[in-house]
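Undergrad: Residue strings, one per chain:
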Amino acid sequence: MKRVYVNEQWCLGCHLCEYNCAFANSGARDMVEALKGRPIFPRIRVEGADAVTYAVSCRHCADPLCVKGCISGALHLENGAVCIDRDKCVGCLTCVLLCPYGAVQPGPDGAAMKCELCLHNSCGAPACAAGCPNGAIVYEERGETA
Amino acid sequence: MKRYVIIGGSIAGVSCVEGIRSVDPDGEITLVTAEAVSNYGRPLISYYLEGKTDTTHMSWRGADFYERNRVTVLHETQAVSVDAQGHTVSLDSGATLAYDALCVCTGSAPACPKFEGLETAPHRQFFTTLTDAKALEQTVTKQTRVLIIGAGFIGLKCAEGLRDRAGSVTVCDLADHAMSASLDADSASILERHLAKNGVRLLLGNTVERFDGGTAHMKNGETVEFDVLVIAVGVRPETALFAAAGGTAGRGIPVDGHLKTTLPDIWAAGDCTESFDLSAGSPGVLAVLPMAALQGECAGVNMAGGSKTFDTGMKLNSIGFFGLHIMSAGTYTDLVYSETTETGCKKLFARDGVLTGFILAGNVARAGIYTALIRERTPLDTIDFEAISRDPTLLPLGRAYRTQKLGGAV
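Chains P and W, in that order, are what the protein sequence lines are.
Per this note's numbering, the very first residue in the first sequence carries number 7; after that it's consecutive.
Per this note's numbering, the very first residue in the second sequence carries number 80; after that it's consecutive.
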């Protein structure tokens with residue numbers, strides 16, 4: 007299955023992925039209107055210091071602990087992608103406690119929020135990868151491991 | 080065709096169905112549950128009272144789960160005995176179910192210590208099922224004074240769920256701090272201040288000496304007037320059915336790494352079990368929802384002839400009270416990192432070079448990175464432990480780890 011992969015050596019640390027993600031999931035038509043002067047809630051996050059930066063988002067694990075441990079059943083699999091029904095989520099953040107990568111976080115309303123590969127928004131494919139200026143974030147098939 | 084019987088319709092039972100179906104699409108599955116509604120996360124009941132969820136959203140794996148997985152469900156049915164040699168389960172309806180593989184997911188039952196005059200209390204109940212939550216929903220009004228015995232997870236979540244519905248909520252506990260089973264004094268005091276600020280009255284180091292109708296005479300001589308009493312002093316693994324079938328139960332039903340019990344063709348999963356706790360290095364009753372899910376699935380796979388091992392068990396909890404998030408995991412051994420402020424704290428515990436447990440209050444971002452250190456038994460001398468103690472990110476774990484996890488399928 008296609009996932010978002012990160013080529014750390016190409017990451018410029020520009021944080022554009024965070025803005026593209028927040029915009030893609032805002033439902034707004036205009037990026038400035040969606041993001042300017044507002045706190046943003048991206049589902050991808052650039053970590054690291056000057057010399058080393060990289061972006062982290064949901065790995066869509068083959069055996070996702072967050073889905074197993076979700077107390078409400080909000081987190082679920084859709085054809086291998088880990089998705090969240092935010093209406094079911096009660097904001098207990100057990101997923102935050104279980105995710106080994108720190109890739110789930112609460113949204114502005116307290117319910118958990120995570121990368122759904124832009125499958126549920128108007129992009130249809132990850133906006134972070136599409137907008138990465140240096141090819142550090144890609145959306146592709148890299149084979150499954152056991 | 081193989082015949083599977085599952086006793087219990089909560090998370091372990093439902094996950095057991097998923098485990099079986101991942102291996103065997105055809106076998107006959109019968110699930111027996113005492114509840115009228117099953118397939119919901121028990122921890123949701125306080126959120127139900129709070130109005131953060133409702134019965135249409137509570138279904139854990141969807142309303143069509145049993146149908147999709149071709150499961151015969153017997154609701155409001157009690158398994159009364161198991162004939163381990165004859166491979167049958169007798170039900171309170173008088174019927175008998177034959178099985179080739181049985182999974183005992185009987186969960187836990189609320190404990191009820193003896194209190195003098197308890198029977199005179201006007202309304203008294205437990206708080207572990209949706210039925211319990213509905214009873215409170217019907218009984219509690221803006222005039223109701225609620226007294227909760229037990230300041231653990233169940234008692235305090237009940238207090239949060241009732242705060243806006245009730246006239247007053249008082250919680251007492253014999254322990255000198257809140258959630259004494261999983262928090263230390265520092266993290267508990269942050270929680271206690273937050274609860275008090277949000278209108279929950281706590282009486283700690285104190286408990287009820289005797290009841291006289293709606294009056295609770297406390298140990299310290301104080302009296303508390305109440306209309307509704309909730310007993311939340313803890314839960315005990317439900318092992319009676321297994322023991323009566325000839326199994327030897329300890330604190331819970333002992334299971335091996337495949338969730339197999341000592342009786343032939345009988346597996347067990349969830350709160351009723353005693354299984355290996357990776358963080359302690361010894362068996363324990365893990366009794367938290369994520370472990371029930373992992374165990375149930377593992378048992379199901381093995382029952383159906385597949386092979387799956389459960390070897391990463393530990394107690395862990397993520398809980399919020401009026402916006403304050405608290406997380407804890409594993410076993411508290413040697414304190415190796417501590418950070419405490421007015422509104423938050425972090426405690427990390429390690430032994431023999433690996434992280435064994437932690438407590439976080441307030442800032443809980445990316446806590447799962449710590450949980451993974453425990454689960455993977457990552458040698459702390461191979462990572463930048465000082466940096467990861469301050470801020471859990473993937474940076475201190477090194478480039479090789481990141482390349483593997485962010486650059487490959489996991």
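Keep in mind the hints are simulated off the structure, nothing from the lab.
Here a beta-carbon is modelled for each residue, glycine too, at the ideal position from N, C-alpha and C.
Please note that a few of the clues may not be correct.
Reference listing, derived: stretches of chain W covered by chain P, where coverage requires no fewer than 3 residues with Cβ under 8 angstroms from a Cβ of chain P [to be verified]:
#1 371-381
#2 404-411
Simulated crosslink set (DSS-like; lysine-lysine; CA at most 30 angstroms straight-line) [what the hints assert, rightly or not]:
#3 W:K298 x W:K276
#4 P:K8 x W:K221
#5 W:K276 x W:K387
#6 P:K94 x P:K8
#7 W:K131 x W:K276
#8 W:K81 x P:K94
#9 W:K484 x P:K8
#10 W:K193 x W:K298
#11 W:K131 x W:K193
#12 W:K387 x W:K81
#13 W:K276 x P:K94
#14 W:K213 x P:K94
#15 W:K298 x P:K94
#16 W:K276 x W:K213
#17 P:K94 x W:K221
Undergrad: Taking the hints in turn, state whether each one holds.
TA: Here is how each hint holds up against the structure:
no.	hint	in the structure
1	371-381	holds (count 3)
2	404-411	holds (count 3)
3	W:K298 x W:K276	25 angstroms, holds
4	P:K8 x W:K221	53 angstroms, violated
5	W:K276 x W:K387	47 angstroms, violated
6	P:K94 x P:K8	26 angstroms, holds
7	W:K131 x W:K276	21 angstroms, holds
8	W:K81 x P:K94	35 angstroms, violated
9	W:K484 x P:K8	15 angstroms, holds
10	W:K193 x W:K298	14 angstroms, holds
11	W:K131 x W:K193	34 angstroms, violated
12	W:K387 x W:K81	19 angstroms, holds
13	W:K276 x P:K94	28 angstroms, holds
14	W:K213 x P:K94	19 angstroms, holds
15	W:K298 x P:K94	42 angstroms, violated
16	W:K276 x W:K213	27 angstroms, holds
17	P:K94 x W:K221	27 angstroms, holds
When held up to the earlier numbered hints, the structure conflicts with 4, 5, 8, 11, 15 and fits the remainder.
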